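Given chain B's structure and the hints, the job is docking chain V onto it.
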Amino acid sequence: MSDQLVFAMEVFLNGLMAGVLYALVALGFVLIYKASGIFNYAQGVMALFSALTLVGIMEGQVPFAHVINATFGTDLHHFGWHVPGFVAILLTMAVMVLLAICVQKFVFRHLVGQEPIILFMATIGLAYFLEGVGDLMWGSEIKKLDVGLPQGINLMIDETTFGWFGYGFFIDNLDIVATIIAALLVTALVIFSQYTKQGRAMRAVADDHQAALSVGISLNFIWVMVWSVAGFVALVAGIMWGTKSGVQFSLSLIALKALPVLMLGGFTSIPGAIVGGLIIGVGEKLFEFAIGPMVGGATENWFAYVLALIFLVFRPQGLFGEKIIERV
Amino acid sequence: MKMKLATMALGALMAAGPVMADLVFPDLSYRTGPYAAGGIPFSDGYNDYFTLLNERDGGIGGVKARVIECETGYNTEKGVECYEATKGEGALVYQPLSTGITYQLIPKVTADGIALHTMGYGRTSAANGKVFSNVFNYPANYWNGASLVVNHLLEINGGDLGGKKIALVYHNSAYGKEPIRTLEELSKKHGFDLSLIPVDHPGQEQKSQWLQIRRERPDYVTMWGWGVMNQVAIQEAANIRFPMENFIGVWWSGSENDVLPAGTAANGYKAVTFHNVGSDFPVFDDVQAHVVDKGLAAGAGDQIGTALYNRGFYAAMLAAEAVRTAQEIHGVADINAAMMLDGMEALEITEDRMAELGMPNFGPSFKVSCENHGGPGTGAMAQWDASAKTWSLISDFNASDMEVIQPLIDADSNAYAAENNIATRCN
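Going line by line, the protein sequences match chains B and V.
For the first sequence, position 255 matches number 254 in numbering that gives the first Met the number 0, and the numbering has no gaps at all.
For the second sequence, position 8 matches number 7 in numbering that gives the first Met the number 0, and the numbering has no gaps at all.
For reference, chain B alone in the conformation it holds in the complex:
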């Protein structure tokens, strides 16, 4: 087998893994859009906020320490304890549920029945608010996130592929973990939305807020539930991306990686987010490998959008999205 083909296989596998990480971000968008018709601009910031909160809790950081110190002249920074990762994840999840309740109570409850563009604008405001609160609560410095996930080359794959091809493939252990978690997450979410009472209620709310209310579905509960689940997905994405690069404010930009995935997979399909992520991941990596060197490289960002646009031209609702037919 030629070297180029072996390298291409390695790039293909890494593209799949990268696609899973993109899909993790896209999933949060899909959940909220599916349940409420809102394109949640704040999803990337939610991932950042959850990761900041997780590290803050793990490190025993005093929230709003700068504000407290500036106001009262104190010198508080840390409580002096460290919280185990698993407990910190649970506590962070509680914060995300609280955030979901606040978002519903103070923002979206007042916007029921409004145009989608109004709801979208509200999420832009929410994104900037959360970014500011995250900064005030936990500070802007880059934080190391270590919840015990393995990182670095998977030696078994390296050695096995070396035995087969004379070249060991690089697969990051963190990407393997992300793939397993994403698979579990998608399975759970699909089961939840298709086979549970709350899941069906969620889909009913997505179809028509007013009609769902008329049959006794609590809009408040459903939206809080959906924002909480989206918060959980954001936390998972925040852990994965935060482990790779440290928890920092550029984490909110991972939303940019989710947009082509959504365009391709559709805004309403959970499996679509995964398949879209895989196609984008593999597509951009193979294009960079094969064509990148001829055009100066750094093609991944724009090629992902070009790929999504091509799909969009032929299938505007995305691969798995629902075709909307409005009759006059």
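Just so you know, these hints were derived from the structure itself, not from any lab.
These numbers were taken from a predicted model, which means no experiment stands behind them.
One thing to keep in mind: the hints can contain errors.
What the hints assert, rightly or not - Residues of chain V clear of chain B, computed beta-carbon distances all greater than 12 angstroms:
no.: 1; residue: G38
no.: 2; residue: H189
no.: 3; residue: N266
no.: 4; residue: D301
To be verified - These stretches of chain B come out as covered by chain V in the derived footprint (C-beta under 8 angstroms, 3 or more residues):
no.: 5; region: 150-157
no.: 6; region: 293-299
Just so you know, even glycine gets a beta-carbon here, dropped at the ideal spot from N, CA and C.
Chain V in isolation, oriented as in the chain B frame:
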């Protein structure tokens, strides 16, 4: 009634006008957004130095320094807005900490007669003072940085890089592309193979680039990154088991922020720097006593000695020394922007003066001139010790290859002069 109105108008004018002389240093900072982790310590250092001078010495030559902070978010448009909003305050010098903002400000500061100091960033050819009258980038620029990296590699390879492979991993922007020309010239001169590996903004995902490095197996990798790109690159290098001692960043890829997230895996990573590292300098005792302990620190007071805090501190020190020079030249304590330009152009930093300031061996000795706004172009190599969580200099401040760099500076600045109909000065 008319008398009352006239009195009120006069009162308003007096309230609006400056009540006392001060030396104004706008700080185009970025404490928010994706690059805040880099912007905050730099700005803290910049602010703290002037606070120290005010608290300990009563200002510079008896005139208090006033820092006006304006948040740019590392956004070029906002940076220009900040410039326009603050230039009327009597601004003496701008240090925007952004190559993008620098490029926008060069024609503006030239028209407005204000100095722009972009040490270690911005437009490299601004080192030619004959063309760029208002722009200074001493003590070193990007091209010096590229040459210093190569000089270090020459040193550890017995002076011969023939047949070696060096990869440049760079931010795919004007900033990241700056060293390419110099490295290409140096590759011809020293016979090494140069491969160019761009990373798109923001650099959160670099799998393709590091798989390419793993396949091509360069002997050395050098990096021109900023923000999250640095942290991800160092982590990816660790993941593919690239030897950290063969991975060298420019000074914007050499802060604690860049190496701490990778933990022990970042041990041995190197970065070129144009100033010293750490907090073991007498001046920082003064900062602690006169600034931090009094609750006047710009931040939490916990950044002293970090790479970017030291850089901001050093930038402020060079600005303050230029003010002193201007005060001496003109015999005026409350100098204006034009006098500041004279001060910057006649600035001389000696080791004796650095020691007097409590900063011995903090940076190189150098003299600025009308022709040379770029300083000596010297730099040292720093290496990260992950267990001690400290940077240490592993070389002296050495010279870069001006034989290669100066013709590039001349060619680029002369092309700029021709495009913009600028008559050269210093004749």
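Comparing the hints with the structure gives:
{"no.": "1", "hint": "G38", "result": "violated (9 angstroms)"}
{"no.": "2", "hint": "H189", "result": "holds (24 angstroms)"}
{"no.": "3", "hint": "N266", "result": "holds (14 angstroms)"}
{"no.": "4", "hint": "D301", "result": "violated (8 angstroms)"}
{"no.": "5", "hint": "150-157", "result": "holds (count 3)"}
{"no.": "6", "hint": "293-299", "result": "holds (count 4)"}
Of the numbered hints given earlier, the model fails hints 1 and 4; all others are met.
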